[in-house]
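Student: In case you want the letters, here they are:
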Amino acid sequence: MALCGPRAHAQGRGGSPSKPASQSAPIDVTGNWVSYVTEDWRFRMITPPKGDYTRVPLTPEGRKLADAWNPAADEAAGQQCKAYGAAAIMRVPARFRIAWQDEQTLRIESDAGMQTRMLRFTPSSPPRDRAWQGHSVANWDAPARKLVVTTTNLRAGYLRRNGVPYSAEARVTEYFVVAPVGQSDQALVVTTVVEDPRYLQRPFVVSSHFKRDKDRSRWSPAPCVATW
Amino acid sequence: MRRNLVAACGCLCGLLLCASLGPSESTAYAQLNDSSLPEFEGSWAPTNNEDLSNDTVPVDYMGLPLSEEGRARALSYSESQLAMIERQCQGWAPTYLMTGPFGMKISAQYDLSRGSIIRFTIGAWHDKLPLDIWMDGRLPPSRYAEHTRSGFAAGHWEGSVLVTRTTHMKASFIRKNGPPSSDRATMTNRFYRHGNFLTLVAVIEDPIYLSELLIWTRDFQVSPTRLTPIAPPCIVAFEGTTAQDEVPHYLWGKKPEEFMNEMTAKYGVPREAALGYPDTLYPEYREKLKIRNNRSQ
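Chains as they are written, first to last, in my numbering: chain A, 1 to 228; chain B, 1001 to 1297.
Hints listed in this document are in silico derivations from the structure and should not be mistaken for laboratory results. You may find that some hints are simply not true.
As the list claims (entries may be wrong) - To be clear about the criterion: a stretch of chain B counts as covered by chain A if any three or more of its residues have a C-beta under 8 Å from a C-beta of chain A, and this derived list gives those stretches: (1) 1060–1069; (2) 1178–1184; (3) 1273–1283.
Using N, Cα and C, we set each Cβ at its ideal position, and we do this for glycine too.
Chain B on its own, in the form it takes in the complex:
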């Protein structure tokens, strides 16, 4: 009898609480109490079985659907820019989450009075700021609001999938060797948990530097060791031998030929694939390669 009374009170309180909250708040409240939702909090180690970073060769834009503008900007880039005092600690865009070699430390902040999740936070790396994913239904900032290195990320649940959309990112790079991202770029992530594995799917849209939507996927697994959510402080130091009064760069057509040809010389990758032409991302491109190989034999 006593148990029935407690259950009835609990149900009534829940209904009253639901009625007192707005639609999005009601959603958040129910989700926190839904034990069927997967656990995302904790330390996730990258499986790193896929070659995603592709940033060790100056002209390796393989697997990117760059626009002409994106390719031109990428070819003008010199990695010596990172030696500049004012750029040493700039870090990378949130898209680096998909291509960097590190794991993820995911934590959550709760609103205990409402029993809801306010935000998830994906911890920082040496060269990436933490990413807050707001789950409280707050509206995105104005389109005129300041863009930041981490941008603004809002999240919601689609069934048991955590979906996040990041906007208001500063212009940056989607690969560390120069392919750029504009301040109009957005990133939509979906977090799928498969047992001890986590697959992260990213769709990146950039009307300036990409000619079509870019899809990336990345896998993580439950880490047996705890990952740290914070990065050591970035300390600026003079790295050159002369005062720097210009931004290192390459003018159009002046990228050294040894850079332009490096992927072909090392791995036999055709130049248009190394330069990120979008048609190289589809199986039909194999036919072009076959015809070319037959001609050269």
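Bound-form chain A, shown alone:
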């Protein structure tokens, strides 16, 4: 029976597991991408007011922390990158460059906040120090044509710029897919699932989308800021 369907020819798509990740990619996520902010505009393009955590399932402890947000104190403490951590960086309006660092590591750079993420396809233990971008382990799901990334070992940060928190215990799972758009364009869609036993009552799930960026001149690196 399996002989007659087109999917029979698709068996093994993505290559054998022994190939390096760069050669077994079922989709091409590399290149330049730009955020297309058609959702959550007022939470992303401007700094929302303190205490506005609409649609974020915070625990009472999380709400207390959000209500105590103090951006000046963050700046003074050198913590202005709290809204640029791995749980939130793909929601920041920015341009992103995705490229192979080596055969087993994808690198994602953002111009806003000048952050760099390393998605490692080779299992490795996380470093001792926590980081804004944490420790990311990547896998191709070849039959489903997607990239699955799990990130732990994070520094505590913000899901939204106005101090809506996630803790260092948070675990971030992301699904990257590439969708055709119109006649010849593509969109990168990243579904982000944040689980945080401390500040979230249930998973916080958002999906961010990006257009392929043909105008590379607009890459504009800027350091982290606590408010904008």
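Given the structure of chain A, go ahead and fit chain B onto it with the hints provided.
Tutor: Same frame as chain A, but now just chain B:
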């Protein structure tokens, strides 16, 4: 030996059946028997962690790339239109699937003789009709065919992704506070299943009221409770105190200033963003805001 014979017969029957079907039918047959395809049927609850609806303020067109025509039509809209007897039960366009607050009940109808899926149906809500997604390879209606509230949706598989394209929709609204959609609008959806989550990606094209393609994404999760596929009947009732002989609207430039300014007053959203200018959807717009903020300080 007996098992081998059964397997050989099964394979032969399958090959004969494949040979007797057309290309699209063959595809459908194989897909139904492909256990690697994800399950979409069932009840899906919205995660609702994103602000998509944006329909509680009269002039909130944030995140929309409206054309000048789209903006003008949106500003002429009065939500009092929904009190009109003839409009109370009109419902919303299929694009409302992406912005409404409800979950999805997805069911399938099978052709048991061929072992194929005839259609998926996304159930109705109070103010949205069910959406049939035809998987049987049927051709879309003529371009001159009647447009309906649900339109015509055809689906196919791209690997494990369900792809649907909806055409023949009646002119309606892409947001409940007035931004319109024309009868030339189309919507392409992609359904991606990620474990217990489902991400729905929509690309909406409207040559009349949008200045560029609109992309929306929305997330659902497996619902622990069963969602109903049908909506209660819509019952029309006279809601006004006077007989209605006109369509409530605002003439050009007459939208009340309190409406025009509400997003700025409440949330500090610049007016051009609230009015859905397309350049406000890109990161560069942040630079404009920065310059403006610096000037005002």
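Student: With reference to the structure, classify each hint as holding or not holding.
Tutor: Hint check:
no., hint, verdict
1, 1060–1069, "holds (count 4)"
2, 1178–1184, "violated (count 0)"
3, 1273–1283, "holds (count 5)"
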